[in-house]
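Letter by letter, the chains look like this.
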Amino acid sequence: MHKTPLLDQLESGPWPSFVTDLKRAAAKKPQTADLLGLLERSYVDKITHWKHGGIVGVLGYGSGIIGRYTDLPDEFPGCEHFHTIRVNHPSAWMYTTKALRELMDIWDEHGSSVLNMHGSTGDIIFLGTRTEELEPCFAKLTEKGWDLGGSGSAFRSPSCCIGPARCEWAMYDTLEACYELTQEFQFDLHRPSYPYKYKLKLSGCPNDCVAAVARADCSVIGVWKDDIRIDQSAVQAYAGGELKPRGGATKYDKLDIQKDVVELCPTQCMSWDGKTLKINNRECNHCMHCINLMPQALRPGTERGAAFLLGSHAPILEGAQLSWVIVPFMEMEKPFDNLKELMSNIAEWWSEHGKNRERVGELILRLGMRSLLEAIGVEPAPQQVRIPRANPFFFWYQSDFDAEAKGRRYDTRQGFVR
Amino acid sequence: MALPKEELVEYIYKMVEAAQGKKQLKAKDIEKMVLKEHPDQNKNDIKFAIKELIDGGRCVYTYFGGSFIELPRVEGAAKH
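First to last, the sequence lines map onto chains A and B. Going by the working numbering, the final residue of the first sequence carries number 401, and the count climbs one at a time with no gaps. Going by the working numbering, the final residue of the second sequence carries number 447, and the count climbs one at a time with no gaps.
Looking at chain A on its own, in the form it has when it is part of the complex:
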């Protein structure tokens, strides 16, 4: 066992330490003992001793295996190969204990016993194995019904919130949609053919528990189209303290409807006269604040579906971007053909025009929203304006100037008119 005085300090805090866990695994796995030694060495040298990428993989797949090597193989032979295996997770990360034991047994047999539940895309991340263990490990995984997830310039493993399985706000079946889309894009998931990564996350409602709006190129977020349903007697009960805000998940005994609900509405679309709560639904932007506070008084409408957003990513140079709306509302019924077609069309446009390592959101910024909408056949809609009155996506074409020169007048709502 390597001496690890710096790592040992990480065990002294009040929280569980990964160092303690690694030491426990290292008692059985020499490569994990070397992993500790290598990490200690990096702390001393203040540089990483890992290299990643390369050609390792399993036959037929270009995704799911991330080659990883150390530049100190003689000193730490257990980390000479320390590849990562991404295993595609089930919808909403729901497992049986039996399935988890099977996974752990496979990884104990073929890897370092170190894993990460889960990576930020959602996959189960097996950390550390040798090249010759990849195919046997993959064979055992597939035998038990598992498959590898996405990596590289591929469609990444989609992930979704718990949806209708355990949540009252689910506007569509996120679990089924996640499964369907995983199946639909199998080819692109395993065989990298895009300019760069392409992530999909599905949230059942605007609370967006999987943070799709910030973490996925394609964000599918459940919304409703009609009016919020109000039970005025329950609103009175919240005001009187008979019902606890947020189902009792706050320290407050009762709600001040005016201050806590109405005045915190981001679009100021609500009013309260002490007896009746009114909502101007035309102005509601579905932020869920009022519904979350008073779940027994307010419920989303019944005309349900999802908004499709595109473009979030976190590049180092430009900074993080959130997704923005492409389709404000779409039906979300199995087999989700409309969503599949839309995603395929977007991928086709992006693959055609995208540069190497250019995310789809960056391409929209470079070529303009107009180019995307024309290519995928989606009509412009007011909701697509990301920052109202500061729309960066309007580009003038020569044909626009020509039309104006011919005496056609431009109307902001109708475009060019005679």
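Derived from the structure by calculation, the hints contain no laboratory data. For glycine and all other residues, C-beta sits at the position ideal for the given N, C-alpha and C. Take these hints with a grain of salt, some might be off.
[Unchecked claim] Derived pair list, reagent style BS3-like, types lysine-lysine, alpha-carbon separation capped at 30 Å:
no., chain 1, residue 1, chain 2, residue 2
1, A, Lys323, B, Lys390
2, A, Lys338, B, Lys399
3, A, Lys11, A, Lys127
4, A, Lys323, B, Lys395
5, A, Lys338, B, Lys390
6, A, Lys323, B, Lys372
7, A, Lys127, B, Lys418
8, A, Lys317, B, Lys410
9, B, Lys418, A, Lys123
10, B, Lys399, A, Lys323
11, A, Lys34, B, Lys389
12, B, Lys381, B, Lys418
13, B, Lys389, A, Lys338
14, B, Lys414, A, Lys123
15, B, Lys414, A, Lys127
16, B, Lys395, B, Lys410
17, B, Lys418, A, Lys338
18, A, Lys34, B, Lys395
19, B, Lys372, A, Lys227
20, A, Lys317, B, Lys372
21, A, Lys338, B, Lys372
22, A, Lys323, B, Lys414
23, A, Lys338, B, Lys403
24, A, Lys6, A, Lys81
25, B, Lys410, A, Lys323
26, B, Lys418, A, Lys323
[Stated by the list, open to error] The following residues of chain B were derived to be distant from chain A, with all beta-carbon distances above 10 Å:
no., residue
27, Met368
28, Lys381
29, Ala385
30, Glu404
31, Asp407
Using the hints provided, position chain B relative to the given structure of chain A.
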């Protein structure tokens, strides 16, 4: 004129072979190069021709800051 399946596979293999050590090709690069010479070639045929080369082990996917299609070779980073 569109190439028959077997010819298309060989055509792509030669393309990858010629690029080896000079330019790393992505799947889309290959598709564009094929369509330049054979504009009526079905895109799906190109996709599955690449799949055949990969499944047969004649080409491999590599990752160097992006995913590429190359000829198999010994991994430089691996000691053995």
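Hints, verified against the model:
1. A:Lys323 - B:Lys390: violated, 33 Å
2. A:Lys338 - B:Lys399: holds, 13 Å
3. A:Lys11 - A:Lys127: holds, 25 Å
4. A:Lys323 - B:Lys395: holds, 20 Å
5. A:Lys338 - B:Lys390: holds, 15 Å
6. A:Lys323 - B:Lys372: holds, 28 Å
7. A:Lys127 - B:Lys418: Holds, at roughly 25 Å.
8. A:Lys317 - B:Lys410: holds, 28 Å
9. B:Lys418 - A:Lys123: holds, 23 Å
10. B:Lys399 - A:Lys323: holds, 24 Å
11. A:Lys34 - B:Lys389: holds, 23 Å
12. B:Lys381 - B:Lys418: OK: Lys381 of chain B and Lys418 of chain B at ~15 Å, within 30 Å.
13. B:Lys389 - A:Lys338: holds, 18 Å
14. B:Lys414 - A:Lys123: holds, 28 Å
15. B:Lys414 - A:Lys127: holds, 29 Å
16. B:Lys395 - B:Lys410: holds, 10 Å
17. B:Lys418 - A:Lys338: holds, 22 Å
18. A:Lys34 - B:Lys395: Since the Cα atoms of Lys34 of chain A and Lys395 of chain B sit roughly 27 Å apart, the hinted pair holds (cutoff 30 Å).
19. B:Lys372 - A:Lys227: violated, 68 Å
20. A:Lys317 - B:Lys372: violated, 35 Å
21. A:Lys338 - B:Lys372: holds, 28 Å
22. A:Lys323 - B:Lys414: holds, 19 Å
23. A:Lys338 - B:Lys403: holds, 18 Å
24. A:Lys6 - A:Lys81: holds, 26 Å
25. B:Lys410 - A:Lys323: holds, 18 Å
26. B:Lys418 - A:Lys323: holds, 22 Å
27. Met368: holds, 23 Å
28. Lys381: holds, 20 Å
29. Ala385: Fine: 19 Å to the nearest Cβ keeps Ala385 of chain B off the interface.
30. Glu404: holds, 18 Å
31. Asp407: holds, 17 Å
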